[in-house]
Structure formats: C-alpha cells, structure tokens
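> Given next are the chains, with one letter for each unit.
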Amino acid sequence: MSLLSFCQWLEKTPGSIALHESLWVYPLVESVHVLTLCLFLGTAVMLDLRLLGVTLRRVRVSEIFRQLMPWTAAGFALMVVSGSLLFYAIPVRTYLNIFFRIKVAMLLLAGVTAWVFHSTVYRRVADWDLDPVTPKWARVAAGLSLALWAGIVVAGRMIAYNWFDPPGVH
Amino acid sequence: MSLLPFFEWCESTAVGNVIRESLWLFPVIESFHLLALALIGGAVLVVDLRLLGLGLRRQPVAQLARDAQPWLVWGLVVMVTSGILLFSSEAVKCYYNTAFRTKMMFLLPAIVFAFTVRRKLASADEGRVRPIWSKLVALVSLALWCVVGASGRWIGFSG
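Quick mapping for you: the protein sequence lines, in order, are chains W and A.
Residue 2 is where the first sequence starts when you use this note's numbering, and the numbers rise one by one after that.
Residue 5 is where the second sequence starts when you use this note's numbering, and the numbers rise one by one after that.
FYI, nobody ran anything at the bench for these hints, they're computed from the structure.
We put the beta carbon where it would ideally sit given N, CA and C, even for glycine.
Take these hints with a grain of salt, some might be off.
[To be verified] Pulled from the structure, derived: some chain W residues nowhere near chain A, Cβ distances all over 12 Å:
| id | residue |
| --- | --- |
| 1 | S3 |
| 2 | C8 |
| 3 | K13 |
| 4 | L57 |
| 5 | R67 |
| 6 | T73 |
| 7 | L97 |
| 8 | G112 |
| 9 | A115 |
| 10 | V122 |
| 11 | K137 |
| 12 | A151 |
| 13 | V155 |
| 14 | A156 |
[Claimed, not checked] Per label pair, the in silico range of CB-to-CB distance:
| id | chain 1 | residue 1 | chain 2 | residue 2 | range |
| --- | --- | --- | --- | --- | --- |
| 15 | W | M2 | A | V96 | 20 to 26 Å |
| 16 | A | V81 | W | A74 | 26 to 32 Å |
| 17 | W | P28 | A | R105 | 15 to 21 Å |
| 18 | W | L24 | A | Q67 | 23 to 29 Å |
| 19 | A | I136 | W | Y162 | 34 to 40 Å |
[As the list claims (entries may be wrong)] Only some residues are given here: those of chain W computed to face chain A with a beta carbon under 8 Å:
| id | residue |
| --- | --- |
| 20 | V30 |
| 21 | T44 |
| 22 | V46 |
| 23 | R59 |
| 24 | V62 |
| 25 | Q68 |
| 26 | Y162 |
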C-alpha cells in the first residue's frame, strides 16, 4: 500500500471527516498547535541561545537543559498530537503539499541535529558547562537547530496556501 | 467618534495595498509574526516559570529577568512591526472582528504589566518578596499573554 493510498483510506474514516467538517474542534486544534510554539520552541530557543553564548551566560548549560527540557518535551508532545490531528483532518491534500514535505524533511534534520549533539559534544558538557562561549560544535548545532526550526515554522505556516498543489486536490 | 475612518485610512495606505495585493507578502510577514511569538514565549516563560518555582530554581530571578529582557524587547519589536503590517492589509476586517478587539484590549495591559509590575518584582530583592506575590505576578503575566495569543489566532477564524 502506497502512502498516498493510505492517506486516501485515512481521509474516508469517520474521524477524519468529523474533524474536517467540525466547526470548532479543527480551529481549536490548530490554535493549540500554533500557541504551543511558545512552550516548545520558546524553551528550545532559550537553550540554543545559551549554547550560542548570547543569553543566560552565567547559567550552567546542563542546568538549563535539565530544568527546561520537561517543558520542551511537554510542548513537543502537544505539538505532535495536535499536528497529527491536523494531518488526520486533511490527509491527502497535506500529503501532496510541497510545504508539508519540506517541513517533514526539516523535522527529520532537526531530529538528527539534536541526536548528534547529545551523543557527541553534550556528553562532555561537564568540561564546558559554565563557559560563556561554548565549544564550536555546540554553537554549530545550536545555529543549525535555530535555522531548521525557523524553517519548520515558516513551512508549517505555508501549508495553508495551495500555490503549488496539484490540480484537482482540495 | 467612530474609529472606522481611521481603520479605512490604514487599509488605503500604500503599505496596506501592496501587502493585500501580493500573493506571498502576507504569509511571509505572518511567518515573522510566528517566529517572534516563539521568541517572546521563551523570554516570558524563562522568568515566569522561575517565579512559579517550576524551572531554573537555583538562579536569581533578577539575573534571569535581565538576561531575558532584550529578547523580550526585540521579540516585541518584530511582533508589533509585523502585526501593524498585517493589520494595514485588512484593517476594516479587523474593525469588525471580535477576536481582534479582544486581542487589542489584552495586548496593552499585557505589555504595560510586563514593563511595570512584573519588571519591578523580578528586579526586587528576592528575600523581601513573598512567594505568593511572585506566583501571582507570573500567573497574571501568563494569562494575559495567553489571551493575546489565542485571540490573535482567532482573528483568522472569525470573519
């Protein structure tokens, strides 16, 4: 079964139709998705900015990580749940949308960046925990993460526009 | 006196016309509006979570507030600038929009609160501030910003 036919099947499920046609639930889910940016991306950005050495320079990197990560993770969980519901409401059109595909690709890259950062340079955080200027690779990871997340937000916003949708898709 | 003529004038400005007639300007400006939202969220939360005792508990509030302040200010600058641009392209729609009116009614108190009460409390000597006041100020701050954000999102839904 191709991804497209899976989306076509998904689109015909009662839950998807109900969500798509709902007067209040869809806008509500979308609002949760947008406003959770503050919680998820807001806390993630503060960590990245610390890694870049431009804020909270006197706070231990590991402390920011430990204390803010529960909030970032909670925000991420809300993002994934609300985002999945948004996809579930309009599967075929979203799947074919170029901005959605760009967003998914950048999400994967952001995930890889975070994973590489944590399994390499962050392992030795004890050596540079209080340094106002962090190691070069920590700064590279933070810069990359900020750029990717900014791109994800922009691409996410653009999914609503159908400039490049294939003809006949609504 | 009705404000409608002023809103009509905003929409008739050159800036308003250019944005309204462009296919991509509105979404691009909207994207900056959203990126600033995340930044403001981070700058506000770092301090408010600390005031609530829910994050960075070992750091002095005043230090965190000082560090977060420039990011809050620059976030607001981008937010207000992009917001005015978006508004100028559809000012008359906003005039009749309940969500827009709600947002404006909460935006002013949110900004004033952030730069007066909250700022004063955050820079005060922590030993002399009763925890209940810190928590109350953080909750008011979060509540005000939440209403601003939620009603802002709702401008696009309500006709």
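> All hints are to be evaluated individually against the structure, with a verdict given for each.
The hints, checked one at a time:
For S3/W, the condition that its CB be more than 12 Å from all CB atoms of chain A holds, with the nearest at approximately 30 Å. Look at C8/W: its CB is around 24 Å from the nearest CB on chain A, clear of 12 Å, so calling it non-interface holds up. K13/W, annotated as away from the interface, keeps every beta carbon of chain A farther than 12 Å; the closest lies near 26 Å. L57/W, annotated as away from the interface, has a beta carbon of chain A within 12 Å; the closest lies near 5 Å.
Chain A draws R67/W into its interface by the beta-carbon criterion, the shortest separation being 9 Å against a cut-off of 12 Å. With a least CB separation of 10 Å from chain A, T73/W falls inside the 12 Å interface cut-off, contrary to its annotation. Every Cβ of chain A is farther than 12 Å from the Cβ of L97/W; the closest lies at roughly 19 Å, confirming the non-interface assignment. In this structure G112/W is separated from chain A by more than 12 Å, as the shortest Cβ-Cβ distance comes to about 18 Å.
At the 12 Å boundary, the C-beta of A115/W stays outside the reach of chain A, the nearest C-beta of that chain being 16 Å off. Non-interface status of V122/W relative to chain A is upheld: no Cβ of that chain comes within 12 Å, the nearest being about 22 Å off. With 12 Å as the threshold on Cβ separation, the claim that K137/W sits away from chain A holds: the shortest Cβ distance comes to roughly 23 Å. Its closest Cβ contact with chain A, about 6 Å, brings A151/W to no more than 12 Å, contrary to its assignment away from the interface.
Distance to chain A contradicts V155/W as a non-interface residue, since its nearest Cβ pair spans about 4 Å, not more than 12 Å. The claim that A156/W lies off the interface is violated: its Cβ sits roughly 9 Å from the closest Cβ of chain A, which falls inside the 12 Å cut-off. Roughly 49 Å separates the CB atoms of M2/W and V96/A, a value that falls outside the hinted 20 to 26 Å. Restraint check, V81/A to A74/W: a C-beta distance of roughly 30 Å satisfies the suggested window 26 to 32 Å.
A hinted range of 15 to 21 Å holds for the C-beta pair P28/W and R105/A, which are about 18 Å apart. Between L24/W and Q67/A the CB atoms are about 47 Å apart, so this pair departs from the stated range of 23 to 29 Å. About 47 Å separates the C-beta atoms of I136/A and Y162/W, a value inconsistent with the hinted range of 34 to 40 Å. Against a cut-off of 8 Å between C-beta atoms, the interface hint on V30/W is violated, since the closest Cβ of chain A lies about 11 Å away.
For the restraint placing T44/W at the interface with chain A, the shortest Cβ-Cβ distance is roughly 6 Å, inside the 8 Å limit, so the hint holds. Of the supplied interface hints, the one on V46/W holds, with its beta-carbon coming within about 5 Å of a beta-carbon of chain A, less than 8 Å. Residue-level restraint check for R59/W holds (minimum Cβ-Cβ distance to chain A is 7 Å; threshold 8 Å). With a least beta-carbon distance of about 12 Å to chain A, the hint placing V62/W at the interface is violated under the 8 Å criterion.
Hint status for Q68/W relative to chain A: holds, with the closest Cβ pair at about 5 Å, below 8 Å. Against a cut-off of 8 Å between C-beta atoms, the interface hint on Y162/W holds, since the closest Cβ of chain A lies about 6 Å away.
The structure is inconsistent with the numbered hints 4, 5, 6, 12, 13, 14, 15, 18, 19, 20, 24, although it conforms to all the rest.
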